[in-house]
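Here the protein sequences come in this chain order: A and B.
Letter 149 of the first sequence, counting from 1, is numbered 148 in numbering that gives the first Met the number 0, and no numbers are missing.
Letter 105 of the second sequence, counting from 1, is numbered 104 in numbering that gives the first Met the number 0, and no numbers are missing.
Misleading hints may appear alongside valid ones.
As the list claims (entries may be wrong) - Quick list of the computed label-pair ranges, beta carbon to beta carbon:
no., chain 1, residue 1, chain 2, residue 2, range
1, A, V70, B, E503, 55 to 61 Å
2, A, L71, B, E542, 40 to 46 Å
3, A, H148, B, E542, 54 to 60 Å
4, B, K144, A, I154, 33 to 39 Å
5, A, S142, B, S13, 44 to 50 Å
6, A, W210, B, K484, 29 to 35 Å
7, A, Q57, B, G340, 20 to 26 Å
8, B, G340, A, H148, 47 to 53 Å
9, A, K61, B, L224, 50 to 56 Å
10, B, S468, A, H148, 43 to 49 Å
11, A, L202, B, G340, 26 to 32 Å
12, A, F198, B, K444, 26 to 32 Å
13, A, I165, B, G85, 41 to 47 Å
14, B, K484, A, Y62, 50 to 56 Å
None of these hints come from the bench; they were simulated from the model.
Every residue gets a Cβ at the ideal spot worked out from N, C-alpha and C, and that includes glycine.
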Amino acid sequence: MTISIGQYLPGNSVIHRADPRAKLALTIVYMILVLLTHSFVGFGLIFLYLAGALLAAQIRPKYIWNSMKPVLLIVIFTLVLNLFFYQGETVLFDRWFVTIYLESVIFCIRMCLRIIFLVVGVSIVTYTTTPVMLTDGIEALLSPLKVIHFPVHEIAMMMSIALRFIPTFAEETDRIMKAQTARGSDFDSKNLLERIRSFVPILIPLFISAWRRAEELANAMNARCYRGGEGRSRFRVLKLTRIDVVMIVVSAVFAAGVIVIRILGVW
Amino acid sequence: MAEIIPQIALDKVSYTYYEAEEDVDTRKGEMPVPKAVHYALEGVDLTIRQGEFVAIVGRNGSGKSTMARLMNALLLPTEGTVVVEGISTLDEEQIWEIRSRVGMVFQNPDNQIVGSSVEEDVAFGLENLGVPREEMLQRIDWATKTVGIHDRMQAEPHTLSGGQKQRVAIAGILAMKPNCIVLDEATAMLDPVGRREVMQVVRKLNRENGITIVHITHHMDEVSLCDRAILVDNGKMVADCTPRGLFMRPELVRQAGLETPPVTRLFEQLRLAGIDVPEDIITPEEAVPVLTALLQQSAAFCKLSAEEREAARRRKHGAYIYKEGPGSLEIQHLSYTYGVGTPFEKQAIEDVSVSVGDGEFLGIIGHTGCGKSTLVQHLNGLLQGDQGTVFLGGNSMEGARLKEMRRKVGLVFQYPEYQLFESTVAKDIAFGIRGEKLSEEETRKRVEEAAQIVGLSLDVLDNSIYDLSGGQKRRAAIAGVLVMKPGILVLDEPAAGLDPAGREDILRFCTKLQKEQGITVILVSHSMEDVARLCDRILVMHEGRSVMLGTPEEIFENEQYLTEIGLAVPQMTVLFHRLQEALPDRNISGKIYTVEDGVDEILALLGCGGGVA
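Just chain A, with the same shape it has in the complex (with noise of 0.2 Å):
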């Protein structure tokens, strides 16, 4: 059995190959920056900065929209929600119970522009890093953190290791549910309590088995002289090259577009 992990897509375009720190701090920039934006001429900027982005990373459409199916129903369930709810001064349509004002409406598409801006944006740096690299560029920007003790190192060993072992887990309940349903359970009953019943014996034989890949890990890490975080060196090391400098020149220069914007309040 083979199973991937993350949405990672393999490829090798420049987003591919750009330093994680400097795409996480981007997307966090830019993230801050969809929040802020309020007129259309803004998301007009965004929206150039998003395509240029996506071409560059040579994602297919085919996957921008997977990343989208997920958000839909709350894309969906705001809009319908605010259109009736949102009180403005232009009547736009009045009949039956329902009014819907001018304003409802731009704010309305204002609201699932940033949400589809959002979703989209953070799906390309899901969509071009691999989780092993996302761990390494979250525990290098969370390092400064290390001055008030917060555990950086600890934290992103805790998720590579986590990430290491999804496989096997993911094998080892295929396993155990076959085991099982050889004993005679069944999972696709009709009746919802026997079904949540039947996972029980799925679930305690999965736990038992963490405990004890847990304990046989840290022995196997502890003989390997693991202790912490002090005094290691590191075999992965992040670089910022060309790429990145690009990248983030491009990006403040859309920044401060974006910014302007808002300040000049353009419509």
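The hints should help you fit chain B onto chain A, whose structure is shown.
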């Protein structure tokens, strides 16, 4: 003579653990009172010198793993001292120094890989030691080349085979430049191919790089590759000699729950029959010249031809007759592909057709990845073929009757003890019959019956599953399948990871079920010795196809073909094939695959009554 440095010295070492009294309320500050003191090791004196290749052998629970863990301070001795290159393991300051000199490879390949790719995992120990990155890259390169995993540097761990994973683990330790590597049952969970890979690598490290190897195992064929064998039983060291010296004391080996190689057993039996043969034969290569000389000296001539002797043996074993019945399985043109439509699509089995007779004992052999496990999952409908059908007692296994038919085919997965989950042993065994609406007494009766078949003491039925030993858990899990009274029992390597005595127990009740209750048994196994001895017929799988089906003598005749597809033949068969080649005119049978038949054949050839006649 230069003084040889003792690398690891155990001086009167004992390791004990306590079983705590249960009824103590620790919240009230009461200290648990030790109920009993168990000695995992008792008074062990052992010195391992630099460059040695030592095997530590013993049954499950004999204390051999404890011994290994004392050697790199993962455990500290309760009494006595362990000194590694002059440093006591009790010296807390030096603990990391000791661990960087004595590396350790563990049993479960999955639970010791930390990195998400091969190179990252090999780097892990180096990162911990603070090795600069430049040097790290060189060492990783060297270590991965040495263990032969260099071409898979970027591979993710779960895509590797067991043998590859263990070699990654060895590389990870090797890169730390240790003087000694301890393998704590590192081959126990591997298939024969993986075991061979690992043994080759550690032997090379020992011979070429002078690294001391301490190999903990219960596989006696691996012991003969070592220089020194230490036998541990019940926490005590009972023998410390060469592997040959150990095999020359078969009684001692058997008492310790292990077994000597088939060839050694053959010679032992020949001596018992009054033939004058040496005691120290441990491989077929050594045995051939000895037996050749013996046969050439003897002027006696066997009255029966090889064919007549073979026919007599067949009569003795009881010839296999295929018969249809409620317990017969018919597999027709079965194909199955994993992950259809994904980039990971892989055809696991292709056009497999096999008929399994009612009450037959069928063995399935083939190396890892040949499709054996996929095939057996079709036998009770856990997987449904893309093409082809499985018929149980004449009815096809699909649709509405599937659930009912599934109960007739008991499937025991590999390492079934991992699926135990109930609070007590009895409840767990009864899980499979909870849907039958039996009264409490009836349920209990069924549970006890199943427990008795697998040889599980009735006293433990109301204990927690966590109180059982590894072997007992395995039996409890098998009882949990037998309780459903299946007409067909399918076992996927039921003896994996067990010591010889434990393996023997499990195989014994499988045979008993087949012989006494007429249950059809299908056994997937890596042990040619076991399938040769137990099975009526053997199915050989290779690359998803069934390539051979026949009685053991029909299958093992094809030594060359089996070797080509990465399988072996039983040691006895190898021996008699070589004998045939050495003495073509003596009419020696090549259809020998068990020690008993081997003894029988030699005696017959020597004209000593010839047992079978």
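Task: Index of numbered hints that the structure contradicts, given in increasing order - done: none
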